[in-house]
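Undergrad: Once you have looked at the hints, place chain B on chain A.
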Amino acid sequence: MELTITTYGSYLHVKDGCFEVKVDETKAQFSVKKISSIHIATKASLSTDAIKLALDNNIDIVFLDDYKGAYARVWFPKIGSTVKIRRRQLEISDKKEGFDLSKEWMLIKIDNQVSFLRELGYKRPAKELYFKDSIAYILELRKSIDLLIFDENIIPSIMGYEGNISKKYFEVLSMIMPKGFEFNGRSRQPALDKFNCMLNYSYSVIYSMVEKACIIAGLDPYIGFVHADNYNKKSLVFDIIELFRVYADIPVTHLCTCKRMNVDCFEQLDGGGVILNKQGKKELLVQFYNHLDEKIRHRNRQVSRKTAIQLECHHVAQTILNG
Amino acid sequence: MLTWFIYDVTSNKVRNKIIKDAKGYGFYRVQKSVFLGEADKSDVDALKEYCSEIIDHSTDSVYVFPVCEECFSKARFVGQAFNKELVCDELKSFII
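Residue numbers (the working numbering), protein chains in the order written: chain A, 39 to 361; chain B, 3 to 98.
Chain A on its own, in the form it takes in the complex (with noise of 0.2 Å):
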């Protein structure tokens, strides 16, 4: 269970060995073993206890903020695994291996966008015709990655294919987004948007659980293959989000188009922008965790979407390390 905590002025600390969380008055007790991850989204207090307990049990305590998502996160301060997978990492980060490893996450992702969109048409016989043409098209851009060889310069090509297929996919994402839900574009910190809001907020709870698989796999989550190096920043965890985008994708389309959010779950920022406030993150996190917590098949296994985000990341350091 995710234990998310948006109550200003909460504080969280540890009372006969489990978490406890209290709220003026009322107060929660959560045992160790039925807590994955605590995610604290607002002002809130906790103790070094409550720190120890966590990570005495592998539970990672991640601090999100209305904007850039997760902004901290208690984690080790070691490394999940042998410093060789870092090693290999960094020998193939500009070679074929490393190459032929981006590729095939592009070629999944776009899967995974031509998959969702096949079943968005499939509900709106009406619009077949512009999902067909939408599919097709961005079939076109995934051939030609396909067809892309290796050599040094290749990998900004890549990522100009991967930009125009997004931008199609969104289009017609917007297209099928009833009134008030409309958005141009994506747009971050702040979104302009309801539709971007949420999937922004959905995608930094997904980075966050991308980063921590990275660390238990043992993968360094700096060293990416696809997206350029820069100060500070996570590029292989960027590169394996790409797989579970659509993770995040589903839930909040449907939330949109089902018209589950409403005008209470957002604030209007004065600057322009628009956030979630605490009901809307509620109404969000229970469809999304639910949805993360449905079984799929994932190489030849039944498992949850979750438990998918980790095992790939394992079979990644596999590969990685096996050449």
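By construction, these hints were calculated from the structure, which means they are not laboratory data.
The C-beta atom is built at its ideal place from N, Cα and C for all residues, glycine as well.
A hint or two may mislead.
[Unchecked claim] Quick list of the computed label-pair ranges, beta carbon to beta carbon:
id: 1; chain 1: B; residue 1: ARG31; chain 2: A; residue 2: LYS133; range: 52 to 60 Å
id: 2; chain 1: A; residue 1: ALA66; chain 2: B; residue 2: THR61; range: 29 to 37 Å
id: 3; chain 1: B; residue 1: ALA83; chain 2: A; residue 2: TYR46; range: 25 to 33 Å
id: 4; chain 1: B; residue 1: ALA77; chain 2: A; residue 2: GLU305; range: 36 to 44 Å
id: 5; chain 1: B; residue 1: PHE67; chain 2: A; residue 2: LYS170; range: 56 to 64 Å
id: 6; chain 1: B; residue 1: GLN33; chain 2: A; residue 2: GLY201; range: 55 to 63 Å
id: 7; chain 1: A; residue 1: ASN222; chain 2: B; residue 2: GLU92; range: 36 to 44 Å
[As the list claims (entries may be wrong)] Calculated pairs, SDA-like style, for lysine to any residue (alpha carbon to alpha carbon, straight line, at most 20 Å):
id: 8; chain 1: A; residue 1: LYS333; chain 2: B; residue 2: SER95
id: 9; chain 1: A; residue 1: LYS81; chain 2: A; residue 2: THR64
id: 10; chain 1: A; residue 1: LYS90; chain 2: A; residue 2: TYR49
id: 11; chain 1: A; residue 1: LYS65; chain 2: B; residue 2: SER35
id: 12; chain 1: A; residue 1: LYS72; chain 2: B; residue 2: LEU4
id: 13; chain 1: A; residue 1: LYS141; chain 2: A; residue 2: LYS181
id: 14; chain 1: A; residue 1: LYS90; chain 2: A; residue 2: PHE101
id: 15; chain 1: A; residue 1: LYS316; chain 2: B; residue 2: ILE98
id: 16; chain 1: A; residue 1: LYS60; chain 2: B; residue 2: LYS22
id: 17; chain 1: A; residue 1: LYS72; chain 2: B; residue 2: LYS94
TA: For chain B alone, coordinates are given in the frame of chain A:
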């Protein structure tokens, strides 16, 4: 395995120890002396052994009832019911 854990213990000190242990294993307190929770068989056994060591066998009693999902779905509750989803581990996110 969903398990009922029920006790009748005279000594306050022993009772508090048992309560603390049961909570730690992931049981939820559904009544004053009744716990219910989804727990591993090994955890249930460990709890039972611990109780067996510390309770006064001449006055106290501890019952552990595992219950299958089908049987639990037939159970009926009246009055102040507990959060069934939370206790059965069906709740994937708890938002405070």
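Undergrad: Against this structure, judge whether each hint is valid.
TA: Status of each hint after checking the structure:
About 58 Å separates the C-beta atoms of ARG31 of chain B and LYS133 of chain A, a value consistent with the hinted range of 52 to 60 Å. As the Cβ distance of ALA66 of chain A to THR61 of chain B is approximately 33 Å, the hint placing it in 29 to 37 Å holds. In this structure the supplied range 25 to 33 Å holds for ALA83 of chain B paired with TYR46 of chain A, their Cβ-Cβ distance being about 29 Å. Judged by the Cβ atoms, the range 36 to 44 Å given for ALA77 of chain B and GLU305 of chain A holds: they are separated by roughly 43 Å.
In this structure, PHE67 of chain B and LYS170 of chain A meet the distance hint of 56 to 64 Å, their C-beta atoms being roughly 58 Å apart. At roughly 59 Å, the beta carbons of GLN33 of chain B and GLY201 of chain A sit within the given window of 55 to 63 Å. The hinted window of 36 to 44 Å between ASN222 of chain A and GLU92 of chain B holds, with their beta carbons roughly 39 Å apart. Simply put, LYS333 of chain A and SER95 of chain B have alpha-carbon atoms about 16 Å apart, close enough for the 20 Å limit, and the pair holds.
Pair hint LYS81 of chain A plus THR64 of chain A holds up; C-alpha atoms about 17 Å apart against a cutoff of 20 Å. Note on LYS90 of chain A and TYR49 of chain A: the hinted pairing holds, with a Cα-Cα distance of about 15 Å set against a maximum of 20 Å. Distance check on the hinted pair: LYS65 of chain A and SER35 of chain B sit about 19 Å apart at the alpha-carbon level, within 20 Å; holds. Restraint check: the Cα-Cα separation between LYS72 of chain A and LEU4 of chain B comes to about 14 Å, which is no more than 20 Å; the hinted pair holds.
Pair hint LYS141 of chain A plus LYS181 of chain A holds up; C-alpha atoms about 11 Å apart against a cutoff of 20 Å. Only pairs whose Cα atoms come within 20 Å are accepted, and LYS90 of chain A paired with PHE101 of chain A is accepted, the gap being roughly 16 Å. Proposed proximity of LYS316 of chain A and ILE98 of chain B is supported: the alpha carbons are some 10 Å apart, at most 20 Å. Under the criterion of a C-alpha separation no larger than 20 Å, the hint pairing LYS60 of chain A with LYS22 of chain B is consistent with the structure, at around 18 Å.
This hinted pair checks out: LYS72 of chain A and LYS94 of chain B have alpha carbons roughly 10 Å apart, not beyond 20 Å.
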